[in-house]
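Colleague: Protein chains in written order, with the working numbering: chain P, 47 to 719; chain B, 47 to 719.
Don't read these hints as lab results, they were simulated from the structure. We treat Cβ as the ideally placed atom computed from N, Cα and C, and that holds for glycine. Hints are not guaranteed to be accurate.
As the list claims (entries may be wrong) - Ranges between beta-carbon positions, derived for each pair:
1) P:Val615 with B:Phe49: 46 to 52 angstroms
2) P:Asp388 with B:Glu523: 32 to 38 angstroms
3) B:Leu354 with P:Thr526: 39 to 45 angstroms
To be verified - According to the in silico footprint, chain P covers these stretches of chain B (three or more CB under 8 angstroms from chain P):
4) 73-85
5) 217-229
6) 416-423
7) 463-471
8) 548-561
9) 625-635
10) 681-694
Number of protein chains: 2
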Amino acid sequence: MGFLIIAPIAGLASIICALYLYYYLSKQETGSSKMKEIADAIKIGANAYLRRQNMTLAVFILIMALVLAISLGAHIALAYVFGALCTTLASYIGMAAAVRANVKTANAARKGLNEAFPTAFFGGSIMGLSIVGLALLGLGVLYALCTLISIEFALDSILGFSFGASALALFAKAGGGIYTKTADIGADLVGKVEMGIPEDDPRNPAVIADNVGDNVGDVAGMGADLVDSYIAAIMAAMVIGWGIGGASNEIFTILPLLIASVGVLASIIGIVLIKIWRKDNPGASLNRGTFSTCFIFVGLMFLVIHYLELGDSGLGIFYATLSGLIAGMVIGITTDYFTSIDRSPVLKTAEAAKTGAAINILSGFSYGLMSIVPPVIGICVAILASWHFAGLYGVAMSAVGMLSIVGIIISADAYGPIVDNAKGIAEQSGLEQEVIDVADRLDAAGNTSKAITKGFAIGAAALTVLALFAMYGKIVERVTGEALVMELTNPTVITGLFIGAMMPPLLSALLILAVGTNADRMIEEIRRQFREIPGLLEGKAKPDYAKCVDIATKGALKELILPCVLAIVSPLATGFILGKEALGGFLGGSIITGVIFALFMANSGGAWDNAKKYIEAGKLGGKGSDAHKAAVIGDTVGDPFKDTAGPSLNTMITVMSLVASIFAPLIVVFALL
Amino acid sequence: MGFLIIAPIAGLASIICALYLYYYLSKQETGSSKMKEIADAIKIGANAYLRRQNMTLAVFILIMALVLAISLGAHIALAYVFGALCTTLASYIGMAAAVRANVKTANAARKGLNEAFPTAFFGGSIMGLSIVGLALLGLGVLYALCTLISIEFALDSILGFSFGASALALFAKAGGGIYTKTADIGADLVGKVEMGIPEDDPRNPAVIADNVGDNVGDVAGMGADLVDSYIAAIMAAMVIGWGIGGASNEIFTILPLLIASVGVLASIIGIVLIKIWRKDNPGASLNRGTFSTCFIFVGLMFLVIHYLELGDSGLGIFYATLSGLIAGMVIGITTDYFTSIDRSPVLKTAEAAKTGAAINILSGFSYGLMSIVPPVIGICVAILASWHFAGLYGVAMSAVGMLSIVGIIISADAYGPIVDNAKGIAEQSGLEQEVIDVADRLDAAGNTSKAITKGFAIGAAALTVLALFAMYGKIVERVTGEALVMELTNPTVITGLFIGAMMPPLLSALLILAVGTNADRMIEEIRRQFREIPGLLEGKAKPDYAKCVDIATKGALKELILPCVLAIVSPLATGFILGKEALGGFLGGSIITGVIFALFMANSGGAWDNAKKYIEAGKLGGKGSDAHKAAVIGDTVGDPFKDTAGPSLNTMITVMSLVASIFAPLIVVFALL
């Protein structure tokens, strides 16, 4: 079908835009030699981390590819490697842009907001456009080529491709998350608390590691996480579409690719609009750009579905996709309530800090738990609505709908760490207060958009894993020839549910302990430097930044092994020992607690963070008061919640679902029970 | 059938033993007038709380009874009131014994361990025997009488009875949990932290409220919680037994009552054995008593099943029941690992306190999350094994097996707060150091047995709600005439799962916030007294204990309303709006996160508590060090985790399951979807 050419073209267009923006960025000035020096240190640190991460990842991928080739066939193994390569390449490009855009933003901030904002935003857009472009190009080309053999062959291949992308996401998210919080906690506990020096102070040996962490955790990690959901949602919708439409209605198989192509187009237009519109209110510009993208996407999607003449089922699919998109926006906005600095949950958490750290922590913990209510209801409404309009296929399409605009979401998200870095560079290189004020305004806009996109990412992941869950059922059905019955009163299903539900808390615990262990190493090193380097605290000697970067890197990669292996082995063990029904239960359980823990951890962490910021803005005694000390403890507890464990869970549950589907043909045959 | 007389006889025997022990206790001496004065203050405070709780409860029960009478019939409403009355009466007797045994134990401690241990243990046994006795007597008589009309009528009635018992449990657990932590946190934060006076110091205005809290939270609350599971498990097994055996095999309906009767007998023997054996090692005596009870129970149960000549199915039932009992013990012991003061999790949590409160909290939080693994696997093995041996009935019987020995479990559990109180009375009335040392040894034994019984209680609740879940399916089947299909890919089932899974975290948040709100009121009052009563800190004036007791009481009852109402309304809303399949999913979801959150909260709290105690024993800098301050913060965070939210969840999920089953006949007819 001629339609098959559309996704590769859209992907290519996205990549070309990214390259153009990279060219635009390269023309901007870098600023003083002092600024360049700091930026270079961050660049070198980030590259060092990425190189080492990708070396470890390469070993992991080769082993996995070998397992896949032997057990399931060479085409799946090759597609797996291809998927990992595409997304890894994209994350390299994105990082390269981010670690260049930070210093250029700081420099542009000297000329004002109007100059600085586009530099930062386009820096982020390079990540957004290149990763979505390479994903869609890879997926589209792979699928188109493989259909020359057969559609089933092609579907198996894109499943492998998706699994490969998720392997990168797993490493980038868990490893980046451990890295960034290791550096952050280490820098804060020794620098701010013990030594009494301010944040981002160049005397702190961990300051560069901390800046690197923003990039590897938030730029590379978040990008990989969202694109992982993106590919998985499209792929799952295609597999389910084939199960429903078959050869006679092949359009259902290809439609997810077309919708995603439309989404890329809408994202590009949204980015251009942000460039055209006025830039003196960055927060409003970002939000306006995101909402415009949504409207353009919906309009274009309607035209496409109308053009395809699918009749009533087309309209149903349109509504299903729309319900996912609306749910995504509603989840993002309601979640924002629980972490906004001017809303009751954060204010009460800050207030509680007056009674001490314990009450502050209990308060943020409780509001985090309560924050799961609106998104869970949003997800449920999206499930019921999309099912009502287009059945199982509708649920998958609602995930595709939500994720189609991921190009602009990642762009807005990567903007955050870029301006955060820019602010750090401005402070470390001693730029004027007006410049730092501009950087502050850029940063505040980043925080708002980040809260919304974080809720969006979790909602998208939830719908995606539900689509993957449905796909698992379809794949088992295709292999065994009969429908997979996962009855809740079946004891193996209940057992699977319990074991699956146990995994997200367990993985969270391992990731948090990993941060603790690695932060301990970092703290020791920072203390050692302050002790052994004469004149460091007085600013007369330079700290050994590279050593701290090295500790964060090595530790992160060492600590991510166990949780990553568990995420892959646990569904296999459940499937091979307890059977395909139990594995279905396992997936259901992991999705439910995965979503709950991801939301709760992200939002508790956000509430503590902003409660601290509220006090630091001079309220309730301000900096240095007892309430502030209590809030700092809360914020530190929240660090691995919101930036390590919480966001990693999305990827972990996606990986588990993909493992189940990929190995389903073997599990059906070889299960013990 | 003549068998129907056995349960009432066993219940009566249990009550008679309790009355004998009460007589034994009343003969013991009370000690000095100073001791009597303190004990009286605790007694008055506890009675004041119970009276006010039961007045609120009475209003709640009348409204609920009215709803039940109108919607489902007068017999269910009457049985409901009867169930609430039986357990309320038992909790009165238990509390009356506990608030007398505390001072008598303190007095007996002056003569040594050999005198003090039986006084404390028998004080606890009165609670254990009277509550189990009244439950079994009430259930047995109600069932026997109602079978004169019809078995279905009798089964409906005992369902109402069970619901009534759970209403008390809900109030006692949530209210008592809020009360005890309000007083504890208030007393600690102002007394220990701000004023620097030791624990249990008579100058602290909240010290009596704190002692009262141990009784209303741990004696009345824990007893009500366990007996609630006990009644529910027996009742569910009877309903499922009827569904399987019907009139032709009525023995399956009655067998749970017989097994429970055997369990009561075994518990009585176990208590006598503890009296006979040497008493100089209280911890060993308690454990030996519990294990002996298990063995005696298993032996007697085998004889009963053998005598009934049920053939192979009898053997299957025996193994199913046994698997529940073994799972209960294994869960108790493995859970103990995560909270023991000499094991790695607690040691590492204490070690982490050296780096500050945040890392201490992250560490205890992580180990709490990891601690769910062994019990969840234990529960899964029990499900698979009991299902393998006797199907759905086997799962219900495994819960009955676990809970049959609850008489001795509650006895050992109520022992804890009695010796805790005794220690407080000894300290406040200025007894000699040797007496306090004896009280300390009694207390240490209480902590070990408490950790084991807490794990046991959660395991038992999990199996019980699974039995209730199965019963819900059977009841829907009875009403509609066709099996209830709860397929995991059905969107309403998934929606129900999500909503149900959301409830335990939400209820936990509400309960924790309730403690925070109420503790704030308490803190203000304690500060006011120190400020306004001249000479209080110097020990020259007496504080106003009653005012603090009053604040804790009023606040606890006010704050428990919202979570209790939510626990009842949420399953009804799900059922009436989304239908019976969604309600099934709801129950499944609530069980899974309920068990996970209950375990995680109980064990995180236990780990922080013991990490603090480890440091207070002189390790890592000892009392007053920075590590100690950090550990105190962790302990305060853990307080509402382990004593309010965690234990309340058991009851909450039981109540939700009962609500679903009771209203199933209406939901089937009136559901919207």
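Colleague: Next step is simple, just say for each hint if it's right about the structure.
Modeller: So, going through the hints one by one against the coordinates:
One distance hint, 46 to 52 angstroms for the beta-carbon pair P:Val615 and B:Phe49, holds here, with the actual separation near 50 angstroms. One distance hint, 32 to 38 angstroms for the beta-carbon pair P:Asp388 and B:Glu523, is violated here, with the actual separation near 52 angstroms. At about 42 angstroms, the beta-carbon gap between B:Leu354 and P:Thr526 stays in the expected band of 39 to 45 angstroms. Against chain P, the region 73-85 of chain B contributes 0 residues with a C-beta closer than 8 angstroms to a partner C-beta. That does not satisfy the three-residue criterion, and the hint is violated.
Evaluation of the coverage hint for the region 217-229 of chain B: breached, as 0 residues show C-beta separations to chain P shorter than 8 angstroms, against a requirement of three. Only when three residues or more bring their CB closer than 8 angstroms to a CB of chain P does the claim for the region 416-423 of chain B stand; here the count is 5, and the claim holds. For the region 463-471 of chain B, the stated coverage by chain P is not satisfied: 0 residues place a CB nearer than 8 angstroms to a CB of that chain, which falls below the threshold of 3. Counting residues of the region 548-561 of chain B whose beta carbon lies closer than 8 angstroms to any beta carbon of chain P gives 9, which reaches the threshold of three, so the coverage claim holds.
Coverage of the region 625-635 of chain B by chain P holds in this model, with 4 residues showing a Cβ closer than 8 angstroms to a Cβ of that chain against a need of three. Taking a C-beta to C-beta cut-off of 8 angstroms, the region 681-694 of chain B contributes 3 residues in contact with chain P, enough for the three needed, and the coverage statement holds.
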